[in-house]
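Engineer: If you want the building blocks of each chain, they are given just below.
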Amino acid sequence: MNDDTRPIHPAWLRATHWLNALAAVILAMSGWRIYNASPFFDFRFADGITLGGWLGGAIQWHFAAMWLLAANGLVYLLCNAGSGRLARKFFPLSPRAIVADLRAALRGRLSHADLRQYNAVQRAAYLFVMVDAVLLVLSGLVLWKSVQFPLLRELLGGYEIARRVHFFAMATLAAFVVVHLAMVALVPRTLLAMIRGR
Amino acid sequence: MIKKSPRRLAIDGDAVVKEALRRIEQPSRRLFLQRTLTLGGLSLLTGCAIVDEDSVEQALMRVSRFNDKVQGWLFDPKQLAPTYPETMITRPFPFNAYYGQDEIRQVDADSYRLEVTGLVADRHAWTLAELGALPQTGQVTRHICVEGWSAIGKWGGVSFASFLSRVGADTSAKYVGFKCADDYYTSIDMPTALHPQTLLTLSYDGRPLPPRYGFPMKLRMPTKLGYKNPKHVQAIFVTNTYPGGYWEDQGYNWFGGS
Chain C
1 MNDDTRPIHP
11 AWLRATHWLN
21 ALAAVILAMS
31 GWRIYNASPF
41 FDFRFADGIT
51 LGGWLGGAIQ
61 WHFAAMWLLA
71 ANGLVYLLCN
81 AGSGRLARKF
91 FPLSPRAIVA
101 DLRAALRGRL
111 SHADLRQYNA
121 VQRAAYLFVM
131 VDAVLLVLSG
141 LVLWKSVQFP
151 LLRELLGGYE
161 IARRVHFFAM
171 ATLAAFVVVH
181 LAMVALVPRT
191 LLAMIRGR
Chain X
1 MIKKSPRRLA
11 IDGDAVVKEA
21 LRRIEQPSRR
31 LFLQRTLTLG
41 GLSLLTGCAI
51 VDEDSVEQAL
61 MRVSRFNDKV
71 QGWLFDPKQL
81 APTYPETMIT
91 RPFPFNAYYG
101 QDEIRQVDAD
111 SYRLEVTGLV
121 ADRHAWTLAE
131 LGALPQTGQV
141 TRHICVEGWS
151 AIGKWGGVSF
161 ASFLSRVGAD
171 TSAKYVGFKC
181 ADDYYTSIDM
191 PTALHPQTLL
201 TLSYDGRPLP
211 PRYGFPMKLR
221 MPTKLGYKNP
231 KHVQAIFVTN
241 TYPGGYWEDQ
251 GYNWFGGS
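Chains as they are written, first to last, in this note's numbering: chain C, 1 to 198; chain X, 1 to 258.
If you are wondering where the hints come from, they were derived from the structure by calculation, not from laboratory data. For every residue, glycine included, the Cβ atom is placed at its ideal position computed from N, Cα and C. Watch out, some of these pointers could steer you wrong.
As the list claims (entries may be wrong) - Here are the simulated DSS-like cross-link-like pairs (lysine-lysine), alpha carbons at most 30 Å apart as the crow flies:
1) X:Lys154 to X:Lys179
2) X:Lys69 to C:Lys145
3) X:Lys174 to X:Lys154
4) X:Lys78 to X:Lys179
5) X:Lys174 to C:Lys145
6) C:Lys145 to X:Lys78
7) X:Lys69 to X:Lys179
8) X:Lys179 to C:Lys145
9) C:Lys145 to X:Lys154
10) X:Lys174 to X:Lys69
11) X:Lys174 to X:Lys78
12) X:Lys78 to X:Lys154
Stated by the list, open to error - Among the chain X residues that face chain C by a calculated CB cut under 8 Å, a handful are:
13) Asn67
14) Ala81
15) Thr83
16) Glu86
All chains should be built: construct the whole structure from the sequences, respecting the hints.
Structural biologist: Encoded structure:
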């Protein structure tokens, strides 16, 4: 594999990855500010980690970054599926393989020699976060346009349930990011590969 | 060592601050700091004047105008907001305004006149009795606030589309604007004004609209967020000139549709 000169991650993947990260950070921070306007749990996000300064500003950021997230996500999914990369890199995937790789990872015996190859835990995690992002967009659509998308609204249990779905999908994405960053810290080469491609 | 360290720290601290100030004073350093902060700390965009806040705000406003267009395009004039059984009405229905409950305006029913101006054929001012004599209809719908919360209420009054047709409004005009007794003002697009659930509202839950919900008249639109639903409406005008709104002028999205 060492004589392979192709980039580990193609340029379109690196570009969409970082644009997605930017959109996700803006959406999460502005979303926390919007949540603070009417919290449905017994806590608020500290103003210091929110974006927008006030509700109106936060909504402006949120409803601007949503276009970046949606357009960039669409490009990512189309390139990923269209190039065959999705099928090649993420499948086959079995629960048994996930458990085996998770055990190996926890014992520090998972090989990272070839960054081109996603292990089963990575495959599962990245596929999961793709589905989670789609759920975030769909529940967000219901919150934005609950009257105009009646089918979507009813599928998600109505406006109030969609609010909770949107929140928990955000929380799940945030949890993924924490683990994702911890993994990158453990294998810093992966960060270089996502920046330079090599 | 232990005794000496505080003194050394103090001296070092002074030196460090001095050195930092000297460096920050160099234009190239300042530029570098600005750039790194701009890239690194998105949150700084909100609190600090390090980046050009005006240009960021203008860009966000342009996206908001674009979002108005998208919403106008998504708006289906025949798509109805869901209605609910009366058992699902939220009690008590929340009060919300740009002021507190202690500042709720008291409008005198007898001297009240609803002005109708702009691109309309009949510009006479309506008394409350005249409005009450028009055919009445009602709805139990969900009110969604821009803050995120929602509540179900029951409103009654006159179909706004039929009222507009009665006063001979130019329905090819772009906007309908509203001025209120509590100095609130807002405006809506003509397709929403003509939506079958847009209601010139005179009653709440079977009784005359109480002051906290906008006596004597509010415009109720289940297809728009709460701040687009003006209370204590005193004047309606049909226009092609963008009228803006109390919150909209401060940055809330103008279309504000749901």
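Engineer: Once the shortest beta carbon distance from Glu86 of chain X to chain C is found, is it less than 8 Å?
Structural biologist: violated (18 Å)
Engineer: Are the Cα positions of Lys69 of chain X and Lys145 of chain C separated by 30 Å at most?
Structural biologist: Roughly 14 Å between the alpha carbons, so the hint for Lys69 of chain X and Lys145 of chain C holds.
Engineer: If you draw a straight line from the CA of Lys145 of chain C to the CA of Lys78 of chain X, is it 30 Å or shorter?
Structural biologist: The given pair, whose Cα atoms are some 15 Å apart, holds under the 30 Å limit.
Engineer: Quick check on Ala81 of chain X please, does its C-beta sit within 8 Å of some C-beta on chain C?
Structural biologist: holds (5 Å)
Engineer: What's the verdict on Lys78 of chain X and Lys179 of chain X, does the C-alpha distance respect the 30 Å limit or exceed it?
Structural biologist: holds (27 Å)
Engineer: Need the status of pair Lys179 of chain X, Lys145 of chain C: alpha-carbon distance at most 30 Å?
Structural biologist: holds (26 Å)
Engineer: Does Lys154 of chain X sit within 30 Å of Lys78 of chain X, going by the straight-line distance between their CA atoms?
Structural biologist: Holds, at roughly 21 Å.
Engineer: Please work out if Lys174 of chain X and Lys145 of chain C have their alpha carbons no farther apart than 30 Å.
Structural biologist: Within the cut-off at roughly 21 Å; holds.
Engineer: Starting from Lys174 of chain X, check that the Cα of Lys154 of chain X is at most 30 Å away, please.
Structural biologist: Within the cut-off at roughly 29 Å; holds.
Engineer: Given the hinted pair Lys145 of chain C and Lys154 of chain X, is their alpha-carbon gap at most 30 Å?
Structural biologist: Measuring from Cα to Cα gives roughly 21 Å; hence the hint holds.
Engineer: Does Lys69 of chain X lie within 30 Å of Lys174 of chain X when you go C-alpha to C-alpha?
Structural biologist: holds (13 Å)
Engineer: Given the proposed pairing of Lys69 of chain X with Lys179 of chain X, does the C-alpha separation stay at or below 30 Å?
Structural biologist: Holds, at about 24 Å.
Violation of the numbered hints given earlier is confined to hints 15 and 16; the remaining hints are satisfied by the structure.
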